[in-house]
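**Student:** Here are the chains, one letter per residue:
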Amino acid sequence: MQALRHSASGRLLASCALLLLLGAAIAATPALVSDFVLLQIVIKSLWLGIAGTSLAFLIGQAGLISLAQTAVFGTSGYLMAILVLDHGLSIWAAVAAAAFAGPVSGLVIGVISQRSSGLYLMMLTLAIGVFGFFFAQQYQPITRGHTGFNGFDAPIILGADLGEREPLFYVTAVAAVAVVALLRFVTRTPAGLAYRGLRDNRRRLQALGYSTAATTVSAFAVAGFSAGIGGVISVWYNGAISPGSIDLTRIIELLIVVTIGGTIHLEGAFLGALVVTLLRNYANEFTNRTETLVGAVFMVIVLISRHGLLGIFINAKSQAHKALKFFGGQRLASEKEAVV
Amino acid sequence: MHRSSVPAASADGPLQPDFNAALVWGRLSRFSQHSMARRALGVGVAALLAYYAVSKSVEIGDRSLLVLLNGLTAAGLYFLMASGFTLVFGLARVTNLAHGGIYLLGGYGALSVQRTTGNWFLAALLGALFAGGVSVVLYLVLRLLRGDGLRETMLTLGATIVIADQVLATWGGIPTDLDPPSFLTGSIDLPGSTLLYPKFRLAVVALALLAGLLLWVLLYKTRLGMLIRAGVDDPEMVSVLGIRVPLVLASVFALAGALAGIAGAAGGTYLSLAQGEDNRILLASLIVVIAGGLGSLRGAGAASVIVGLVEAFAQTHHPVLSVLITFGMLTAILVLRPHGLMGGAADASA
Amino acid sequence: MRPRNFKPFRRLVTFLAVFCLVIAACGNDDDSADDPLPAVQATAAATAAATAAPASEPAATAEPAEEVSEPAPRTEEITIGAISTLDGPFAGLGDFSMHGVKLALLEWGGQLDGSGTRDGVSGASVAGVPIRLVIEGSDATPDVAVEATRKMVEQDNADIIIGPLSGDEGLALKDYIRDIPEVTLVNGTSASQDLTLRDPAPNVFRFGADGAMWSYGVGTYAYEELGHRRIATIAEDYSYPYDQVGAVLTEFCAAGGTVTDRIWVPLGTQDYSSFIAQIPDDVDAVFFAMGGTDAINFVKQYDDFTGQVIPLIAGPTAVDQSVLTELGDRAEGLISSGPVVDDSGLADFDAFAARLDEVFPGQTPNIFNVYYYVATKSALAALEAVGGDLTDGSQAFQAALAELRWDTPIGPVYLDDNRQAVVDIYLREVQDGAQVTIDTLPQVNGTLGFDRDEYIAKGSFSRDNPPCG
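Chains as they are written, first to last, in our numbering: chain A, 1 to 340; chain B, 1 to 350; chain C, 1 to 469.
Each hint should be verified, as a subset may be incorrect.
Stated by the list, open to error - Output of the computed footprint for chain A on chain B, the stretches with three or more beta carbons under 8 Å from beta carbons of chain A:
| no. | stretch |
| --- | --- |
| 1 | 65–75 |
| 2 | 247–261 |
Unchecked claim - Only some residues are given here: those of chain A computed to face chain B with a beta carbon under 7 Å:
| no. | residue |
| --- | --- |
| 3 | 100 |
| 4 | 108 |
| 5 | 111 |
| 6 | 119 |
| 7 | 134 |
| 8 | 313 |
| 9 | 316 |
| 10 | 317 |
Claimed, not checked - A few chain B positions that, by computed beta-carbon distances, are all more than 12 Å from chain A:
| no. | residue |
| --- | --- |
| 11 | 39 |
| 12 | 49 |
| 13 | 116 |
| 14 | 126 |
| 15 | 133 |
| 16 | 202 |
| 17 | 209 |
| 18 | 217 |
| 19 | 233 |
| 20 | 243 |
| 21 | 317 |
| 22 | 337 |
In short, the hints are calculated from the structure, not lab data. Glycine is no exception: its CB is placed at the ideal position from the N, C-alpha and C atoms.
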């Protein structure tokens, strides 16, 4: 077993098998759930999760707590809506521009906040995020003010109308996998190592000749990419974008998503998004006080786990491994590392 | 603790493209930090802004007095909020996002008292006690996390959601307000003009000054204050000295909560109490705290005056874009002084 | 180092598998546990099929009846979904809205399930068809409003939606509901003009006025009766206040008046002092259009800063009965136009007020409870007219709604070709904390009396439209 894992061909084989499995899981989902659940729970969780990965990446990899991700998200979403509805640009050109706007606005936010870190950075980016909201609300010549953009039609890709649920689901799922793969790829490049240096030990990073400023800015740019993709898909999903899509409630929601999911793995963002989406949709069936329930669930998760729900899950797994080892089984080193 | 080590572990060698970019970036940013250039730029921009502000103010004549007073009133309320926030951060390293919720609890608590007793001062006092109590409870919950800054912040975030919803459940969603004490009802004539200014607003400025004075006395003239200051500078040393740090922390939380509670009673009187006010005031005080430098009481004082005045000026002369101007100013301050007006580098990396 | 490259994918798959499982589990949960009445569940699939293919054969009638009472009526039930702002800054208004909805259902034999806002009404029936009420809340943002409505339509199988509360939510719901012709939206208090004025949807009905209609008449009154010639306006900076200011200025400027300043206050402002400082000394009056907290903040601060030397003229919701108590003495004497007055003398109004106070002690009529009541009662009356039969894809029901004419507690109402109500608007003054009628302006329509094309050509009201000399 161990030998197989280490051999290159074994790895390739396993990767292929897993990709197939993943593909099968995605392909099967629309058949398993109702149309409503597919759209309002699955697709919503996926795009909220995509936006969440940008924050999970910043926190988990680079130790940068950014509340400005909704500003990036909104920049991309608004840009697409503006280009199509106000300037008559073709939808795909607008999508490309919006996708490009993600890293660019991430870059700008990074430049503004590159000299801050820790909780200070969190508050600074909160101010930037709220600025994004007020800009959308007040700067009417571009943003149409409080009403925002309505009636945005999702594009048609290879004959499949993304206004329909199944095509939208497949595209969103593929986007989710692609975004996660890309972010994972980045974490394995030297830049990824630098991000972890930023998180764990800034001084050492500097001593090695890295600029913390450049590292911070590039981390924001990378994260901006997935936030931008999330923004684009959210506009397809809602058919609209308004200041209400990026207000303080949404800023906080994204933070809750990532905190519930945990940041040791990027995929936690999807788990967090799912939990939040389920709570938002179904909590009112149990209580008149939805918000109290949401807040309380959130507080409990924060209290009992350092790494959110995924942390609880992995901790349990690691305990199981310990027990196995006790009985002569082998323990995987990386498993333990991840839980620290 | 470290999942993977910093670049030393990289087998790919250091000469990656992004590495070169890093060096170039480093040189560029060092150049931009060159003190002469920065100072000249700062002076130039400040002069332009000052000229603009003065000429605009002359344009509207004696109404500029109103703008000034409005700015100071806002500054007073912001200081009551920001001082507590910044103290808690300085000492406990907690960014208390529930501070706005506690403001609302103080205000609504005072409202209930005023409706039964009719006395504003009793109401404000009990409202402040209530808010201080809630703040201490919050501290006790936060203690469970033992100084994990991010999780503590998240917990206060959860708390603020719960508080807002419980306020809605208890006091309802219809906006309301407190009545000012009778001798502060109405307005006075401003000297040398036909303009009026509400008495209660002037009292808010006085209240903030009083709070600032008391805080100064507390911090610099009492044993508790000495401990607090020592705790801000070096928390570990204080605990080594055998001082009961939790007690000091609890009292700071209580103090911050009470200040927010008083602010709630004052704000609930000259503004109003409603759902969403917690977020409005939290944002305003966050701007003040960031601009002033986290953990710095003097910074909070200076920044609340600056933010209040800029806000009043922008609202008067550029009403539609006023919110953006306030945030623009914050960004400008941070570009010039990354850790705020009076923040030290230590605060920023906390 | 090497195996690490492999592990992430394994985790990803594990995660996704769990994700799918959870989703699947949820989907099943919804189907089995959601609905208190199992009999209805069977029809869910049929209705869903109808959703996919509109105007298909009436599949639902084929369902076996479980409670056989009379020969004719079917036991299929009709679901009404009510949406209002139950969270966020307008949460208090959401409570009022639901009072109105429930009050209407009580008239059709319903009983309150509980005293909470989200507690429904059970036992109501129209023409023998049981009516079920589901309630969802939004936080006044369009995105959340659409999701809440979608949940009611697709999961709770709501046939009729009552709501929403705010303007931009209404526009978003119009876009959503337009694609589902067999579902009918009867607006609550969304006062956006374009819910019905431009590009109307065939299944969206508004039995109340829009923001501009609410403000009708006050501009002329200010010029003709009060003798004002120059006014300034101050209002929140978004579409609903644009409509109010726009309607007032349209009349006031046509009569020969001028506006010196239009001051727009960003939403989220608490302290109006610096905006009040911009009001010039030499105007005859100030028109202000704000809601809720903003109205209280503004009136209080205007009073403190100016002693109300320059008289105020209010927008319709700024002095709505829902905030009048909190405004207190400061609101005395304020002139406004609006849909609800306390002294109309209409028997229906007095009966409504009495019933409201009886069921929800201490509550008095305001825009929100009256409008949601009128919307719900209109829907129920139209249902009655078609014998509770929606099996034709709601076509007959929607036709009946369009033809409906009745005397509401706030006056007679009927719909124009855009399914926008023609209503009575009251010119009113605050006296002793109540809205007292100065004049009744009968039959105000959605184009404020202008020719439709001419009115639409004027363009949407905005920060600087209409122009004024």
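**Student:** Evaluate each hint against the coordinates.
**Tutor:** For each hint, the structure was consulted:
no.	hint	in the structure
1	65–75	violated (count 0)
2	247–261	violated (count 0)
3	100	violated, 19 Å
4	108	violated, 11 Å
5	111	violated, 9 Å
6	119	holds, 5 Å
7	134	holds, 4 Å
8	313	violated, 18 Å
9	316	violated, 19 Å
10	317	violated, 17 Å
11	39	holds, 18 Å
12	49	holds, 19 Å
13	116	holds, 26 Å
14	126	holds, 24 Å
15	133	holds, 19 Å
16	202	holds, 30 Å
17	209	holds, 26 Å
18	217	holds, 29 Å
19	233	holds, 18 Å
20	243	holds, 24 Å
21	317	holds, 15 Å
22	337	violated, 10 Å
This entry does not satisfy hints 1, 2, 3, 4, 5, 8, 9, 10, 22, going by the numbered hints stated previously.
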